[in-house]
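There are 2 protein chains.
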Amino acid sequence: MAMHIDRLCVVGVGLIGGSFARALRKAGVVKEIVGCNRDKDQLQKAIDLGVIDSAETDISKAVTGAHLIVVATPVGAMESVFAQIAQKLDPNAILTDVGSSKASVVAAVRSAFGKIPTNFVPGHPIAGTEKSGVEASFPELFRDRKVILTPLPETDVAAVLRVRQAWAAAGAQVVEMSVQHHDQVLAATSHLPHVLAYSLVHCLAQMDDSQEIFNYAAGGFRDFTRIASSDPRMWHDICLANRDELLGVIKTFGMELEQLAKALRSGDGQYLLKVFQQAKEARDRFAEKK
Amino acid sequence: MAMHIDRLCVVGVGLIGGSFARALRKAGVVKEIVGCNRDKDQLQKAIDLGVIDSAETDISKAVTGAHLIVVATPVGAMESVFAQIAQKLDPNAILTDVGSSKASVVAAVRSAFGKIPTNFVPGHPIAGTEKSGVEASFPELFRDRKVILTPLPETDVAAVLRVRQAWAAAGAQVVEMSVQHHDQVLAATSHLPHVLAYSLVHCLAQMDDSQEIFNYAAGGFRDFTRIASSDPRMWHDICLANRDELLGVIKTFGMELEQLAKALRSGDGQYLLKVFQQAKEARDRFAEKK
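Those protein sequence lines, which keep their order, are chains A and B.
All the letters of the first sequence, read from the start, carry residue numbers 427 to 716 under this note's numbering.
All the letters of the second sequence, read from the start, carry residue numbers 427 to 716 under this note's numbering.
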């Protein structure tokens with residue numbers, strides 16, 4: 427079955443929403459793209475860059491007549507966005523999102539609609555850069571990247587298929603898992619690393635000689651802290667949205683670090699070596715995969 | 427004053443020692459390079475690659491007649507290395523090292539020589555990759571990188587100048603600071619990030635579904651954990667050698683993380699946002715510098 431979308435509506439035309447629009451346009455599977463943003467400057471930029479065909483600041487107008495609606499706002503804004511969509515959603519339209527935490531998005535949808543619409547497919551592309559805004563978007567962002575869909579018991583299989591096809595057209599590999607499993611996995615591999623990177627840089631920036639300290643930071647530090655240049659408000663939203671899972675992995679990590687400090691204090695080199703070796707093996711295996 | 431070294435002796439011909447030899451040879455400031463390693467395979471590779479002219483497994487023979495001796499072994503081996511050098515060191519020869527922790531190296535030298543030789547100049551190039559071994563060495567490794575020298579009250583000014591010139595010939599920017607300040611700065615910007623990266627990967631690798639978890643790790647995780655692919659034994663040595671300073675920054679970081687977890691638990695979004703914003707500003711300033 428060939429994929430075709432007459433009218434795509436992207437709510438939140440930033441790095442992810444903009445790249446999704448560009449990718450589908452480049453794949454030739456979309457006729458018309460309407461973009462919706464609170465920020466009129468971003469919206470104008472999206473038109474100037476040819477990412478969207480028309481612009482709307484009113485969500486209920488933007489979604490009217492759309493066949494596929496992708497919500498790509500920060501997760502903190504989604505409850506309000508879904509509430510506005512709920513009033514106007516065509517029962518045949520397919521609704522999906524790109525939020526980094528899925529339980530919070532599902533809760534927002536349930537609250538807005540009073541139930542889970544059968545055409546709602548929660549989704550999350552595992553892709554991004556530390557940049558943000560539509561000017562950072564590009565059509566290849568999702569190529570060979572994974573997109574996780576977390577369909578619910580209420581979700582219509584045909585809706586899942588349509589969303590799968592759209593992501594496949596963008597070059598992504600689509601997988602499915604439960605909402606809870608998604609939130610656990612992402613807390614460990616994405617949300618915790620961001621918290622650690624932000625915390626480390628903040629910790630160093632608070633030191634007396636912080637200006638000087640950064641002078642002697644090298645390439646390892648640069649890579650390690652790259653994600654601390656990510657959008658603070660977006661990550662504020664994600665951390666709060668996936669709070670319970672994130673607190674769980676922060677606790678596990680804290681115990682790991684305390685164990686290591688304890689070994690260091692007592693001069694237990696064997697423990698350090700074992701941890702470092704196992705970590706290197708795991709990291710090397712991960713690096714080979716890609 | 428033009429820089430020239432008749433006979434350079436590199437003890438520990440790996441990534442750093444090998445790159446130093448290659449850089450000085452490329453700069454045309456060295457006549458003969460003798461390499462010394464416990465590992466005969468590395469030594470043979472170093473000869474095959476043209477990094478060194480001759481090879482010695484016996485340190486006391488290797489240093490005989492050398493004008494500049496650079497100790498580039500893992501810091502854990504330095505006490506034994508300096509003990510062997512002490513027996514044969516020409517009083518006119520200049521001795522330096524590239525160890526990542528300076529107090530431990532200075533203690534090793536003091537123990538080996540019974541005092542600090544006036545021609546000993548402790549040093550540390552802020553450069554490296556996650557790779558190791560002479561096959562990973564290249565002459566440009568130190569170009570535009572900082573090298574920290576930590577001369578002691580006993581150190582001869584002329585010896586410092588010679589070591590400065592050698593590093594300048596390798597393309598590096600040389601700065602001087604105290605041993606203690608070096609160890610504090612490096613604990614914060616290098617040793618702590620390595621410990622965090624190793625701990626995170628180890629923590630994830632211990633989880634029940636670790637194989638699956640790594641499948642959904644993206645570019646941010648890849649960069650964040652790159653340093654966890656570093657040589658485990660080398661980092662075991664560095665952590666133990668700079669134990670006190672490292673324990674200090676681990677403690678500070680632990681408090682920072684606990685503070686953040688507390689804010690997250692209580693839903694204090696303002697605190698999260700403030701930390702993330704300050705971290706992003708500091709990290710962006712750092713990124714612009716280089």
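Hints are not guaranteed to be accurate.
To be verified - Straight-line alpha carbon distances no greater than 25 Å define the calculated SDA-like cross-link-like pairs of lysine to any residue that follow:
#1 B:LYS715 <-> A:LYS677
#2 B:LYS452 <-> B:PRO565
#3 A:LYS700 <-> B:ARG652
#4 A:LYS700 <-> B:ASN641
#5 A:LYS677 <-> B:ALA533
#6 A:LYS715 <-> B:GLY559
#7 B:LYS557 <-> A:LYS677
Everything labelled a hint here was simulated from the structure, so no lab data went into it.
Note that the coordinates shown come from a computational prediction; the quantities given were computed from them, not determined experimentally.
Against the structure, the hints come out as follows:
no.	hint	result
1	B:LYS715 <-> A:LYS677	34 Å, violated
2	B:LYS452 <-> B:PRO565	7 Å, holds
3	A:LYS700 <-> B:ARG652	18 Å, holds
4	A:LYS700 <-> B:ASN641	24 Å, holds
5	A:LYS677 <-> B:ALA533	37 Å, violated
6	A:LYS715 <-> B:GLY559	23 Å, holds
7	B:LYS557 <-> A:LYS677	31 Å, violated
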